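**Q** Go ahead and model the full structure; you've got the sequences and the hints to work with.
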Amino acid sequence: MSMNRREFMQMLAVAAASGFALNSRAALAADSTGGFYDSPSFGNVSLLHITDCHAQLLPIYFREPNVNIGLGQSLNKTPHLVGEKLLKSFGIRPGTREAHAFTYLDFENAARTYGKVGGFAHLSTLIKKIRASRPGSLLLDGGDTWQGSATALWTKGQDMVDACKLLGVDVMTGHWEFTLGAERVKQVVDNDFKGKIDFVAQNIKTNDFGDQVFQPYVIKHINGIPVAIIGQAFPYTPIANPRYMTPDWSFGIQDDNMQLVVNEARAKGAQIVVVLSHNGMDVDLKMASRVSGIDAILGGHTHDGVPAPIVVKNSGGQTLVTNAGSNGKFLGVMDFEVKGGKVVDIKYKLLPVFANLIEPDAEMANLIKKVRAPYEAKLAEKLAVTEGTLYRRGNFNGTFDQLILDALMEVKGADAAFSPGFRWGTSLLPGEAITLEHVMDQTAITYPQTTLTEMTGETIKAIMEDVGDNLFNPDPYKQQGGDMVRVGGISYTCDLRKGFGKRINNMMLNGKALDPNKKYKVAGWAPVAEGATGEPIWNIVTDYLRDKKVISPRNLNLPKLIGIEDNAGIALAGR
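Note that my numbering has the sequence shown beginning at 438, numbered continuously upward.
Calculated directly from the structure, the hints in this document are not laboratory data. Treat the hints loosely; a few may be bogus.
Unchecked claim - Cross-link-like lysine-lysine pairs, in silico, DSS-like; alpha carbons within 30 Å at most:
#  : residue 1 : residue 2
1  : 633       : 784
2  : 786       : 566
3  : 514       : 723
4  : 784       : 514
5  : 705       : 633
6  : 784       : 750
7  : 958       : 986
8  : 525       : 633
9  : 939       : 514
10 : 633       : 602
11 : 784       : 525
12 : 602       : 705
To be verified - With beta-carbon atoms standing in for the labels, derived distance ranges:
#  : residue 1 : residue 2 : range
13 : 817       : 891       : 37 to 45 Å
14 : 595       : 965       : 22 to 30 Å
15 : 565       : 911       : 42 to 50 Å
16 : 530       : 565       : 26 to 34 Å
17 : 705       : 648       : 18 to 26 Å
18 : 565       : 956       : 53 to 61 Å
19 : 774       : 911       : 31 to 39 Å
20 : 810       : 706       : 43 to 51 Å
21 : 565       : 624       : 25 to 33 Å
Being a predicted model, the structure only gives us computed values, none of them experimental. For glycine and all other residues, C-beta sits at the position ideal for the given N, C-alpha and C.
**A** What follows is the structure, given as structure tokens:
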């Protein structure tokens, strides 16, 4: 249960008295939204940005990664900075509220001190506060909004559609939305959103004639200034997710078409051009260097909470690239000053959403209560208690991933297990009850079937090499999925200096080298092929938890990494 603000202030006082390194005047003094959320208006056009909330309507805990490796041109550059390296790069003091928001450092103590983050009722209050000083401002949603919770799955995203309409979203693009199926997405866009929210995606076309499935962009007039918002949906949706769910649509990055769309918007009088993107930050950075005429890219997909924009030079000048985190944890605010038809200055701030500092909006709170009411008792079922922190985010296994893998291997009787490298999923602190809702936060997808497959050692290696290349290919345009597939039962070495087919080595199972010709029983879930059958993953995990009752801290099955010397994107020792 989340603390109220009086309990929160008492907690801060106790923590400070006991010597906990809060080191933040704002943390000790804040007893209202004043101060921490003061954001003076600037310029004459303002855009607010949320992304990747993954259907989290209530405040949650969320641990940022301690492994977010960058290679090649991304080495030791944003967004591939973690922990102290990230703080130093952006001038954030350790031990502060901001340090907790943007890093994993001292996560358990900081989470208990500062409380939960996000929550649509709290986000709604903050958005109203920011908009009050910015007349005409737009709220942009970068997608991954209708998926990631039990209620979103069970209502086919309707809970989030209604919440976003009430939140005041003006423009949206998508990714996980498409796993509800093309028909459902079109139903929402053509009916629920009609006249209220523009769904934009320049890179989704029909397979037959190449027609736009959605409008590629909209031009909105803010205080008399025409502003173009171009949509860029996740380009690899048919690869990362089941193709059969959008069988008649093509995706892709489509740089050339993006340039044409930018040019068209400028020709129609747009004085500001912004891309609402779900590319992922590395892809956005490359796109910004190749396409000119874009003032800013407001990005998502990779869940990177980046405190300040990255400036990218291109043939037409420069583009600012941002990424606004995930799970409703952040609100991006970008202010433009336009004079003489041109942008002369831009200011940006990424605001963490601390639930204990913000009064929940009553209307949104009532909507959330209403949509959850039919499922509340079911969601609250206590399955087990965790003795360690459970989290997912990071390039390799997180502790909740490990729990899923352990459950798959035990329940399925498998030698090894694979779990997708999804970035979404909330975190739990030691001593918390693991409820059905928490399990669904990690597993709520429309293709949840579990599998048990005989695979040769050669096939296992091939799968791991393929996923590894999607993550660690030095060309961002060839990074087509999430994080590395989570692996249970098999230890291995990952050499990040090598190329495709040569990264994964020294694969061992039960102390013996994996035989390329021998068959092994491998459990998994989330098959992208049509027609798959099998018990839903949440049933496997809930049965495992009910049986165990107490979940000891997980021993992470992490690979031995080669080629990470002086890499600012990794801190395995938790430093």
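**Q** All the hints need checking, so say for each whether the structure fits it.
**A** Hints, verified against the model:
Only pairs whose Cα atoms come within 30 Å are accepted, and residue 633 paired with residue 784 is accepted, the gap being roughly 27 Å. As the CA atoms of residue 786 and residue 566 are separated by approximately 15 Å, the hinted pair is consistent with the 30 Å bound. With a C-alpha separation of about 13 Å, the suggested pair residue 514 and residue 723 falls inside the 30 Å cut-off, and the hint holds. Distance restraint check for residue 784 and residue 514: the Cα-Cα separation of roughly 21 Å lies within the 30 Å cut-off, and the hinted pair is therefore satisfied.
Restraint check: the Cα-Cα separation between residue 705 and residue 633 comes to about 23 Å, which is no more than 30 Å; the hinted pair holds. Proximity of residue 784 to residue 750 is assessed by CA-CA distance (about 18 Å); at most 30 Å being required, the pair is judged to hold. Restraint check: the Cα-Cα separation between residue 958 and residue 986 comes to about 27 Å, which is no more than 30 Å; the hinted pair holds. A distance of roughly 42 Å separates the Cα atoms of residue 525 and residue 633; the hinted pair therefore is violated under the 30 Å criterion.
The straight-line distance between the Cα atoms of residue 939 and residue 514 is roughly 25 Å, inside the 30 Å bound, and the hint therefore holds. Proximity of residue 633 to residue 602 is assessed by CA-CA distance (about 7 Å); at most 30 Å being required, the pair is judged to hold. As the CA atoms of residue 784 and residue 525 are separated by approximately 21 Å, the hinted pair is consistent with the 30 Å bound. A distance of roughly 28 Å separates the Cα atoms of residue 602 and residue 705; the hinted pair therefore holds under the 30 Å criterion.
Look at residue 817 against residue 891: about 39 Å separates their beta carbons, and that is inside 37 to 45 Å. Separation of residue 595 from residue 965 is about 25 Å and conforms to the stated range, judged on CB atoms against 22 to 30 Å. For the pair residue 565 and residue 911, the beta carbons lie near 44 Å from each other, so the given range of 42 to 50 Å is met. A hinted range of 26 to 34 Å holds for the C-beta pair residue 530 and residue 565, which are about 29 Å apart.
Distance hint check for residue 705 and residue 648: the Cβ-Cβ separation is about 20 Å, which falls inside the suggested range of 18 to 26 Å. Remark: the range hint 53 to 61 Å for residue 565 to residue 956 is upheld by a beta-carbon distance near 59 Å. A hinted range of 31 to 39 Å for the beta carbons of residue 774 and residue 911 is consistent with their spacing of about 37 Å. Between residue 810 and residue 706 the C-beta distance comes to about 47 Å, which sits within the given range of 43 to 51 Å.
Between residue 565 and residue 624 the CB atoms are about 29 Å apart, so this pair conforms to the stated range of 25 to 33 Å.
In this structure, only the earlier hint numbered 8 is contradicted, and the remaining ones agree with it.
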